[in-house]
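Let the sequences and hints guide you as you build the complete structure.
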Amino acid sequence: MSEPLLSIRGLRAKVEGEDAEILRGVDLDLQRGEVHALMGPNGSGKSTLAKVIAGHPAYEVTAGEILFEGEDVLELEPDERSRAGIFLAFQYPAEIPGVSIANFLRTAVNSRLDEGEEMDVFGFQRTLAEKMEMLKMDPGFATRYVNDGFSGGEKKRNEILQMAVLRPALGVLDETDSGLDIDALKVVARGVNRLSEADEALGVLLITHYKRILNYIQPDIVHVMMAGRIAESGGASLADKLEAEGYDWLQQTAAV
Amino acid sequence: MPQNETITGLGLDEYKYGFVTEDQPVFKAVPGLSGDIVRQISHHKEEPEWMLDFRLKALDVYYSKPMPKWGGDLSKLEDTLDEIYFYLKPQDQMERSWDDVPQEIKDTFEKLGIPEAERKALAGVGAQYESEMVYHSLKEQWEEQGVIFESIEDGLAKHPELFRQYFSTVVPTHDNKFAALNSAVWSGGSFVYIPKGVKVEIPLQAYFRVNAERMGQFERTLIICEEGAEAHYIEGCTAPVYSTDSFHSGVIEIVVKKGARFRYTTIQNWSNNMYNLVTQRALVHEDAKMEWLDGNLGSKLTMKYPSCFLVGERAHGEILSIAYAGDGQHQDTGGKVIHAAPHTTSQITSKSISKGLGRSSYRGLCKVYDGAEGAKSNVECDALLLDEQSRTDTYPYIEIDENTASIGHEATVSKVGDEQLFYLMSRGLDEAEAMAMIVRGFIEPVARELPLEYAIELNRLIELEMEGSVG
Ligand SMILES: Nc1ncnc2c1ncn2[C@@H]1O[C@H](COP(=O)(O)OP(=O)(O)O)[C@@H](O)[C@H]1O
Ligand SMILES: [Mg+2]
Numbered sequence: 038m039s040e041p042l043l044s045i046r047g048l049r050a051k052v053e054g055e056d057a058e059i060l061r062g063v064d065l066d067l068q069r070g071e072v073h074a075l076m077g078p079n080g081s082g083k084s085t086l087a088k089v090i091a092g093h094p095a096y097e098v099t100a101g102e103i104l105f106e107g108e109d110v111l112e113l114e115p116d117e118r119s120r121a122g123i124f125l126a127f128q129y130p131a132e133i134p135g136v137s138i139a140n141f142l143r144t145a146v147n148s149r150l151d152e153g154e155e156m157d158v159f160g161f162q163r164t165l166a167e168k169m170e171m172l173k174m175d176p177g178f179a180t181r182y183v184n185d186g187f188s189g190g191e192k193k194r195n196e197i198l199q200m201a202v203l204r205p206a207l208g209v210l211d212e213t214d215s216g217l218d219i220d221a222l223k224v225v226a227r228g229v230n231r232l233s234e235a236d237e238a239l240g241v242l243l244i245t246h247y248k249r250i251l252n253y254i255q256p257d258i259v260h261v262m263m264a265g266r267i268a269e270s271g272g273a274s275l276a277d278k279l280e281a282e283g284y285d286w287l288q289q290t291a292a293v
Numbered sequence: 487m488p489q490n491e492t493i494t495g496l497g498l499d500e501y502k503y504g505f506v507t508e509d510q511p512v513f514k515a516v517p518g519l520s521g522d523i524v525r526q527i528s529h530h531k532e533e534p535e536w537m538l539d540f541r542l543k544a545l546d547v548y549y550s551k552p553m554p555k556w557g558g559d560l561s562k563l564e565d566t567l568d569e570i571y572f573y574l575k576p577q578d579q580m581e582r583s584w585d586d587v588p589q590e591i592k593d594t595f596e597k598l599g600i601p602e603a604e605r606k607a608l609a610g611v612g613a614q615y616e617s618e619m620v621y622h623s624l625k626e627q628w629e630e631q632g633v634i635f636e637s638i639e640d641g642l643a644k645h646p647e648l649f650r651q652y653f654s655t656v657v658p659t660h661d662n663k664f665a666a667l668n669s670a671v672w673s674g675g676s677f678v679y680i681p682k683g684v685k686v687e688i689p690l691q692a693y694f695r696v697n698a699e700r701m702g703q704f705e706r707t708l709i710i711c712e713e714g715a716e717a718h719y720i721e722g723c724t725a726p727v728y729s730t731d732s733f734h735s736g737v738i739e740i741v742v743k744k745g746a747r748f749r750y751t752t753i754q755n756w757s758n759n760m761y762n763l764v765t766q767r768a769l770v771h772e773d774a775k776m777e778w779l780d781g782n783l784g785s786k787l788t789m790k791y792p793s794c795f796l797v798g799e800r801a802h803g804e805i806l807s808i809a810y811a812g813d814g815q816h817q818d819t820g821g822k823v824i825h826a827a828p829h830t831t832s833q834i835t836s837k838s839i840s841k842g843l844g845r846s847s848y849r850g851l852c853k854v855y856d857g858a859e860g861a862k863s864n865v866e867c868d869a870l871l872l873d874e875q876s877r878t879d880t881y882p883y884i885e886i887d888e889n890t891a892s893i894g895h896e897a898t899v900s901k902v903g904d905e906q907l908f909y910l911m912s913r914g915l916d917e918a919e920a921m922a923m924i925v926r927g928f929i930e931p932v933a934r935e936l937p938l939e940y941a942i943e944l945n946r947l948i949e950l951e952m953e954g955s956v957g
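The listed protein sequences derive, respectively, from chains A and B. In this note's numbering, each residue carries its 1-based index in the first sequence increased by 37. In this note's numbering, each residue carries its 1-based index in the second sequence increased by 486.
Each hint should be verified, as a subset may be incorrect.
Straight-line Cα separation of at most 30 Å, DSS-like style, residue types lysine-lysine; simulated pairs [claimed, not checked]:
| # | chain 1 | residue 1 | chain 2 | residue 2 |
| --- | --- | --- | --- | --- |
| 1 | A | Lys223 | A | Lys192 |
| 2 | B | Lys663 | B | Lys853 |
| 3 | A | Lys51 | B | Lys901 |
| 4 | A | Lys248 | A | Lys192 |
| 5 | A | Lys192 | B | Lys901 |
| 6 | B | Lys644 | B | Lys562 |
To be clear, the hints were calculated from the coordinates, so they are not data collected in a lab.
Written as structure tokens, this is what we have:
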């Protein structure tokens, strides 16, 4: 099994019913156990890529493919992709009033069980408590309604909590760092690192436009997205260069 | 023997209790309404003279009042009223023990889960079938403390003075056309009396079921909660599916005396051809508290606005309602609070869900009389639309004659959002599960106030209604 965990080939996508392409030929290979950072200016298509990977119905894929563990996932519904092991930590998570985090996560864990399989309720509760502690969350948090009235930081933490409980094979983290103060950022980064340690095959695609989080989560590869394409890929030092010089030097590559 | 028993897998707007039990009524009046029908009803019930007079006068009031032009579409109701049976007596006498109830009726109630509920040791259970109560019991413990929980007929027969003292004092005959109709032809319902200071800790429970085709149901419930007493009454209603329209028009009168607390909970799940026009009103005295918890599912048209008349200082009224309007259904619901004394407070929380061509409207009245110093009222209505076609409206009426009153009103309309669905699905829930979870979350503030088995039932009924709503 040497195929990449995630392999994206010539991916083009647009908003359903509109003409302008947002993704204009994305290629990306992510191996098991790797952490990739995806950087790039606002509006370059990073979130769109993340949502297309997770199967958001607002986008139409016009060309290319997304292989996950060697399987084409483009025909799969978002829930099927989730159960297959793809997880998206949202840049802007939706609010679900009236539904507690515990109830929501229990349902999500249940959806992964085979027909007739019983959920281990105590095991679930233990895991949830453990992961919340790891993320320095108050135990009462589990009874709060999903994202309802959460601060920006609480929403981001809640996303990582879900990832920790659902244990995906691939985590796509869309700007999980934005809106976090430095202490919260460290907690979240440590949480992600712990998940990587616990599961050496875990792949992470870390979307950010600040280098800051990369001080705490070491990427194996850094990509830069410009106008719907990966304009440049390199080692961790690429992030330093972007920080020092900005994105201007890449404009030419992107214009091709 | 039950027919149409297979009710699973029909999909859209399927009606869970849509089975029919063959009935062998002891007495069935001819269809339509007349003074003769009213006399027959009164005669069969062996009522005192004053009640017959009361009924006949009410009939005149009914004839003299025009059909309401507001609320829902009642234009076809007159035709329906010509066709329906106004009275049907299902069996000779009221049963005391479950074993004595005839098999067909038992079958029906078995399906509704009543005996189970009874076994769970509820404080009391009354079950009404067609027009009258067929089964009823009250735990001895409460009986000894003087609690009365009877059919309305037995209430009148056994406690005539008490009955007459309060009957029709909360909802007078001329209040509205349907209150007048009910006053003329009422049959069935409960009579409840909670003596001073008695706190009944477990709910008193009643069930109504309309089984016969073209049957009108006009139950009348009278509840008196004496000073410092506390109780909770729960009522559930169902009717099977028939091709012709049916009619339900109940009147519920409640008196909550000084310092008493009373809660009245209804979960109604009618078939889609039922007109459901109910008048529910409570008179709330000094320091007393009244809560209406009202769940409305099904029916062709429901017009229902539980009211609290806050007549004593610091009286408090709460109305918490949830309505689900599926295809072809109109739920016109809300609440009324009348502040007629100083420092009275009220809260109306109304939640509605509309699907497909379903329509839900909130209609509420908040009135504060001059002199009701420091009265406070807050209204919150939230509508959830499950798709593009469904619709919702709000009609808040606010009349304030007191300048120290403070009134809040907040209305929100939300559509189940693609982003919410995607979010839940991205965690592994399929579309139907995701939709159901959003709806469950929406009704949570109501469901949490219900006893557990009712909360589960409410969720289940709504999920059943929603089946096939995702494509
Ligand atoms: N659902 C959408 N509807 C309309 N335009 C969209 C939608 N999603 C993304 N876009 C547009 O696509 C471009 C890329 O957006 P996005 O993927 O959010 O960028 P990034 O995450 O890199 O900031 C932007 O111009 C944005 O306005
Ligand atoms: Mg983005």
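>> Name the hints, by number, that the structure is in violation of.
In response: Hint 6 is the one this structure does not satisfy, whereas the remaining hints hold.
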